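Count along the first sequence from 1, add 4, and you get the number used in the numbering used here.
Among these hints, one or two may not hold up.
Cut-off 16 angstroms, straight-line C-alpha distance, at most; resulting in silico cross-link-like pairs (EDC-like, lysine to aspartate or glutamate) [claimed, not checked]:
#, residue 1, residue 2
1, K371, E264
2, K325, E362
3, K184, D145
4, K350, E472
5, K153, E174
6, K470, E422
7, K262, E312
8, K147, D186
9, K158, D179
10, K439, D397
11, K125, D135
12, K333, E354
13, K316, E287
14, K158, D135
15, K470, D425
16, K341, E375
17, K439, D400
18, K36, D301
19, K316, E264
20, K457, D374
21, K158, E174
22, K78, D63
Because the hints were derived from the structure by calculation, they are not lab data.
Computed from a predicted model, the values in this text were never measured in an experiment.
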Amino acid sequence: MKVITRFAPSPTGFMHIGGVRTALFAYLFAKKNEGTLILRIEDTDQARAIEGSIQHIQDSLSWLGIDWEYGPDKPGPFGSCIQSERMDSYRAFAQKLMDAGHAYPDPYTHDEITAFRETAKAEKRPFLFRDHRPETFSVWDGKSPLRFKVPEIKRYEWNDAVRGELEAGEEALDDFILMKGDGYPTYNFAHIVDDHLMGVTHIFRADEFISSTPRFLSLYDALGVPAPVFVTLPAILRDDRTKKLGKRDGAKDVLEYKTEGYLPSAMVNYLALIGWNPGTDEEIFSKDELIQRFSVDQIQKSGGAFNEMKLKWFNREHILKLSSDEFLKHASLFLSKETYTALNKKNLLESLVPLMRERIQTFSELKDMDEAGEFSFYAEAPTYPVSGLLPKDDMDKQRTATRLKQVMSLLNTLNDSEWHDQKIKEVVWPYAEEKGRGLVLWPFRFTLSGRGKSPDPFTIAGVIGKKETITRIEDAIRALG
RNA sequence: GGCCCCAUCGUCUAACGGUUAGGACACAAGCUUUUCAAGCUUGGAACCCGGGUUCGAUUCCCGGUGGGGUCACCA
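With the hints as extra help, turn the sequences into a complete structure.
Structure follows, in structure tokens:
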């Protein structure tokens, strides 16, 4: 049987980590089994709908490379993937249930039900509507809510692909609402109708749905439809583990991570490892490798905390794997236009890649470094106070100038083809060892960068080239008088 | 409160009855090209508790405790 999974968000704002993780697992499973992923928009609550959400959801998934076969942009053989465009189906199934005596109109007002609920609460009992189920059912006028009549009050046991045997008592069953007063179906009803009509074989969702599963099962029973396989994912918790990660508790829009310079491959890699693992020590995976390795058996039962530190580490690992071109493509989005142009004009971009790469965890750090002037001295000779050239152990100008002259003459023994950091170090190092590393290397480095903190002098000299290096040293010697 | 789920270092996790309980992130110390970053080395750090079952339990069973979820005309 062909695997069909779905990801079914409601368009009520941005996508956060939790939702994305659910989508990712459904996707990995579908791909692994050469199945289909459906992106279904659950917009049956028009009051909560936020404009632009559908596009935002698609943008978020697309950024991560989670692609769907059918979605809001691509109807399937079963019709639209947007629930508000599938109203006929829900009405038809509601009628079917009424015909079979499995549904009835709710005779109570909102206030009456609130009163029932409060009484139950005061008596410390769970509220069950079925305790108030009317003796006889009237004909539904389509204006009042339509309720489900639970066919049989019993204990349900079912199998979950992750949790194994699960069960729940009769308290979990109730006459829940199928169709709301506004004519729209509830989630409880609509998702079951859709999963059935769309041929969904595996439902991936987080563990807050475990407790309502008996209600779903009783509805499947009433419809005479077999239930799909339930794959329950562990919750993603806040960093402090105090509760589930949610929008109200600082869960960010996933696209914010894009803005902050995270790679989608790193996000996918990290997310996959919250609640799943390959059973080995390996941690770094591409999306394709994850598809290969993914298995429901290795999904975790207990919840996991979302830890941004570790995400950063994954991001760094993925940055390290980028080709030079790919790196520059991302970097160009975070460097200022001026810096990028200046470096590009002098052909320095390529040689700066390894240097930039080893210093960042996210691309937005390039922006910070750029704004702090950490790239300016590559394209242009730095300006600095002469005192900065003097090493702290010997602040004498004359001797500093003498050492710089010696460094310069050593450098002049190299020709252009030998000019790279290793070779430069080779010729200068013995002299630095002899005179005192700091006394030689500090002025050498400061001459080139003009800053207290920077990469080492050999690296900088290698990047800017022999001619520029010599020029800067000559200027420094002159400044030292 | 009822019902349900979960339980290994601070965090993500490995282990599927017998291990010095492994790895990664984070943390600390040392080394390193006076700086920064990276890197390398080393270190501290966990089986929630109590009963069973067993020759032997982190692992299986039961109970407790703790945490989480859920009890909507939200999904």
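Against the structure, the hints:
1. K371 - E264: Cα-Cα ~10 angstroms, so holds.
2. K325 - E362: 11 angstroms, holds
3. K184 - D145: Given that 16 angstroms is the threshold and the Cα spacing comes to 12 angstroms, the pair holds.
4. K350 - E472: 11 angstroms, holds
5. K153 - E174: 14 angstroms, holds
6. K470 - E422: Cα-Cα ~10 angstroms, so holds.
7. K262 - E312: Roughly 14 angstroms between the alpha carbons, so the hint for K262 and E312 holds.
8. K147 - D186: With a Cα-Cα distance of about 7 angstroms, the restraint between K147 and D186 holds, given a limit of 16 angstroms.
9. K158 - D179: 13 angstroms, holds
10. K439 - D397: Holds, at roughly 12 angstroms.
11. K125 - D135: 14 angstroms, holds
12. K333 - E354: This hinted pair holds, its Cα atoms lying about 11 angstroms apart.
13. K316 - E287: Roughly 14 angstroms separates the two Cα atoms, so the pair holds.
14. K158 - D135: Given pair K158, D135 holds - Cα atoms ~15 angstroms apart, limit 16 angstroms.
15. K470 - D425: 11 angstroms, holds
16. K341 - E375: This hinted pair holds, its Cα atoms lying about 12 angstroms apart.
17. K439 - D400: 14 angstroms, holds
18. K36 - D301: 13 angstroms, holds
19. K316 - E264: 11 angstroms, holds
20. K457 - D374: The given pair, whose Cα atoms are some 14 angstroms apart, holds under the 16 angstroms limit.
21. K158 - E174: 5 angstroms, holds
22. K78 - D63: Holds, because 15 angstroms separates the two Cα atoms, which is no more than 16 angstroms.
Going through the hint list in order, the structure satisfies each hint without exception.
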